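Taken in sequence, the protein lines are chains A and B. My numbering puts the first residue of the first sequence at 1, with every later residue one more than the last. My numbering puts the first residue of the second sequence at 1, with every later residue one more than the last.
I should point out that these hints are in silico values taken from the structure, not numbers from a laboratory.
Some chain A residues judged to face chain B by a derived CB distance under 8 Å, without partners named:
| # | residue |
| --- | --- |
| 1 | A223 |
| 2 | F224 |
| 3 | H232 |
| 4 | N235 |
Once the Cα atoms are required to be at most 30 Å apart in a straight line, the calculated DSS-like pairs of lysine-lysine come out as:
| # | chain 1 | residue 1 | chain 2 | residue 2 |
| --- | --- | --- | --- | --- |
| 5 | B | K62 | A | K144 |
| 6 | B | K141 | B | K180 |
| 7 | A | K5 | B | K141 |
| 8 | A | K144 | B | K74 |
| 9 | A | K331 | B | K141 |
| 10 | A | K6 | B | K129 |
| 11 | A | K5 | A | K331 |
| 12 | A | K6 | A | K331 |
| 13 | B | K66 | B | K129 |
| 14 | B | K141 | B | K129 |
| 15 | B | K62 | B | K74 |
| 16 | A | K6 | B | K141 |
| 17 | B | K74 | B | K129 |
| 18 | B | K180 | B | K129 |
| 19 | B | K237 | B | K62 |
| 20 | A | K5 | B | K129 |
Since this is a predicted model, take the numbers as computed values, not measurements. From the three backbone atoms N, C-alpha and C, an ideal C-beta is built for every residue, glycine too.
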Amino acid sequence: MLTQKKFIFILSWYSAISIGVLIAAPFFGSENLSWNNVSGSILSGQTNVDSDIFFSLRLPRVITSFIVGGILSVAGSALQVVLRNPLAEPFILGIAGSGAVGAVIAISIPGLLIHLGAFSSVQFLSLTGSMLCVLIIYWLAVNKPDFSMTNILLSGVTINIFCGAMILLVRYMADPGHLVAMDRWMMGGLDVVGYGEVFTLLPLVLPGLILLFLKCNTLNQLAFGEEMATGHGVNVASVQRHVFLGSGLATAGAVSIAGPIGFVGLIIPHAVRRISGVDNRVVLPSSFLLGGAFLTVCDLVARTIVAPTEMPVGIITAIVGGPLFLRILLKGESMRGE
Amino acid sequence: MAGELISICDVTFNYDFNGWGLLPCSFSLRRGEVVGIIGPNGSGKSTLLKIAAGVLEPLNGKVIIKGREISSLKRRDLARLMGYLPQNAESHNDYTVEEVVAFGRFPYLTGAGFLRHSDLEIISRCMEKTGIADYGRRPLKRLSGGEVQRVLLASVLAQEPELLLLDEPTSALDLNHQVKFFRLLSRLASSGIGAAVVTHDLNLASLFSDRIIMLRHGEIACQGTPDEVLTEYALKKTYGEEIEIARHPANGRPVVFPGIECR
Numbered sequence: 001m002l003t004q005k006k007f008i009f010i011l012s013w014y015s016a017i018s019i020g021v022l023i024a025a026p027f028f029g030s031e032n033l034s035w036n037n038v039s040g041s042i043l044s045g046q047t048n049v050d051s052d053i054f055f056s057l058r059l060p061r062v063i064t065s066f067i068v069g070g071i072l073s074v075a076g077s078a079l080q081v082v083l084r085n086p087l088a089e090p091f092i093l094g095i096a097g098s099g100a101v102g103a104v105i106a107i108s109i110p111g112l113l114i115h116l117g118a119f120s121s122v123q124f125l126s127l128t129g130s131m132l133c134v135l136i137i138y139w140l141a142v143n144k145p146d147f148s149m150t151n152i153l154l155s156g157v158t159i160n161i162f163c164g165a166m167i168l169l170v171r172y173m174a175d176p177g178h179l180v181a182m183d184r185w186m187m188g189g190l191d192v193v194g195y196g197e198v199f200t201l202l203p204l205v206l207p208g209l210i211l212l213f214l215k216c217n218t219l220n221q222l223a224f225g226e227e228m229a230t231g232h233g234v235n236v237a238s239v240q241r242h243v244f245l246g247s248g249l250a251t252a253g254a255v256s257i258a259g260p261i262g263f264v265g266l267i268i269p270h271a272v273r274r275i276s277g278v279d280n281r282v283v284l285p286s287s288f289l290l291g292g293a294f295l296t297v298c299d300l301v302a303r304t305i306v307a308p309t310e311m312p313v314g315i316i317t318a319i320v321g322g323p324l325f326l327r328i329l330l331k332g333e334s335m336r337g338e
Numbered sequence: 001m002a003g004e005l006i007s008i009c010d011v012t013f014n015y016d017f018n019g020w021g022l023l024p025c026s027f028s029l030r031r032g033e034v035v036g037i038i039g040p041n042g043s044g045k046s047t048l049l050k051i052a053a054g055v056l057e058p059l060n061g062k063v064i065i066k067g068r069e070i071s072s073l074k075r076r077d078l079a080r081l082m083g084y085l086p087q088n089a090e091s092h093n094d095y096t097v098e099e100v101v102a103f104g105r106f107p108y109l110t111g112a113g114f115l116r117h118s119d120l121e122i123i124s125r126c127m128e129k130t131g132i133a134d135y136g137r138r139p140l141k142r143l144s145g146g147e148v149q150r151v152l153l154a155s156v157l158a159q160e161p162e163l164l165l166l167d168e169p170t171s172a173l174d175l176n177h178q179v180k181f182f183r184l185l186s187r188l189a190s191s192g193i194g195a196a197v198v199t200h201d202l203n204l205a206s207l208f209s210d211r212i213i214m215l216r217h218g219e220i221a222c223q224g225t226p227d228e229v230l231t232e233y234a235l236k237k238t239y240g241e242e243i244e245i246a247r248h249p250a251n252g253r254p255v256v257f258p259g260i261e262c263r
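Extracted from the complex, chain A is given alone in its bound form (with noise of 0.2 Å):
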């Protein structure tokens, strides 16, 4: 059982494996840079090139992929839980694919000059996108009470199904110049410049990670259904509500920065009950860590295996994840069959 010093202790693993991953990343690159450099930096306070580079555009993109992979791992492992089933990840009630609708409409007009803080059009009508279907999703969960956990998932799949035409629309009817930019953002990137983009993003997502934090212990209780769990004495629909709408705000501010990264939300929720346990106040802050140290080596790989370009980062989550995931799956049949 879950003891407090237990818990302590293993969060204290992921944190030291994420410390580790945000110190050492930004050091590597398409050129790797210097300790020296950078540290004397810090202590003389006079910046050098090494200096600048890590901290105006290293450090930024560093913490935005931890950010945006924490993000995705812990709505991953929520909804998991809500939904009952093992598959479910943050893109499956079609937030994704309805930002992408948004992306898609701005990149297809040029000029268009509709901003956010330090968003720009692209990433603010993604979040305009992601956010209409965050209200649906919650509307029905409201006014729907009857609705099950299948119908919000079929839901969902409807949203992303009708948002896929919605693109291919947009993409028939706009420039062809503009074709690879859409196929870029839906690949997924996390090349931002500066703080501002993580700053405008975290009064979006830091209520949506309390929101799921703050049910930790509470998801446990959705483990033999929700009849057991009104039985134990928990609000299932006020859960249910809950998880919707912080998956869906954080899920939302994830995807309007990086488009759409895949696998990142489904398999590290797996991965840390592989190794930590099934106990929600474990796999919830653990997944933000370990998914937050996943997408951030990701990125990593990304900017640097076909230096001086980048490779979209959602190739390398895609490539890595699904093998990955065959492996976690297997090793966790094998240990079963022992």
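Model the placement of chain B on the given structure of chain A, informed by the hints.
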């Protein structure tokens, strides 16, 4: 009324997807009483129990728990009074036996929900009562159906309820474990807990229940002692089969078996 833990007063219900409905039903349960709820498939047994447990909201009527309407009680407060075990509860996750029993302490926990020393003692007592004290760290998936049912009952008992509502708790059990389960219920009733149990096993209901409620076509056909309810006429009308009644040699309670021609 004094000693009544729960009163169901003229509750009705309708399922939108097939139009099936529960007609006005009323019953009550007192401390130390075991009530068996029987009836054919689709007669409304589980629906009635879910309404009593607050899982379903009735269209009409009231559910009164210890003098208070169920709708006025917060979920956690209700869970401290009443333990509900639904039919076919199962999990696909690798929780251990201890962890599942500990779920029953949820109504008493705050914050991150870490267990206190007092919670651990209660969990240990509940595991002893249900005969699973040695199973603590075993994954639930490695237990048999009967053992899992005892774990789930222990989880419900960990809520320290005054009232138990159990929906077919012995459906997956062999005869030996079914009898043990009902004997446990009798011991719990002796300590003051009231229990309502949905069961298809008419004989176990007869042997272990103080009262029986028989449902038919969405309404309570009759309720009373086993002698009053388990009559050939009532059983034939409800189940539509020829039924014969004998008497248990130990306590004289009615024992039911189908009246078919011998080969």
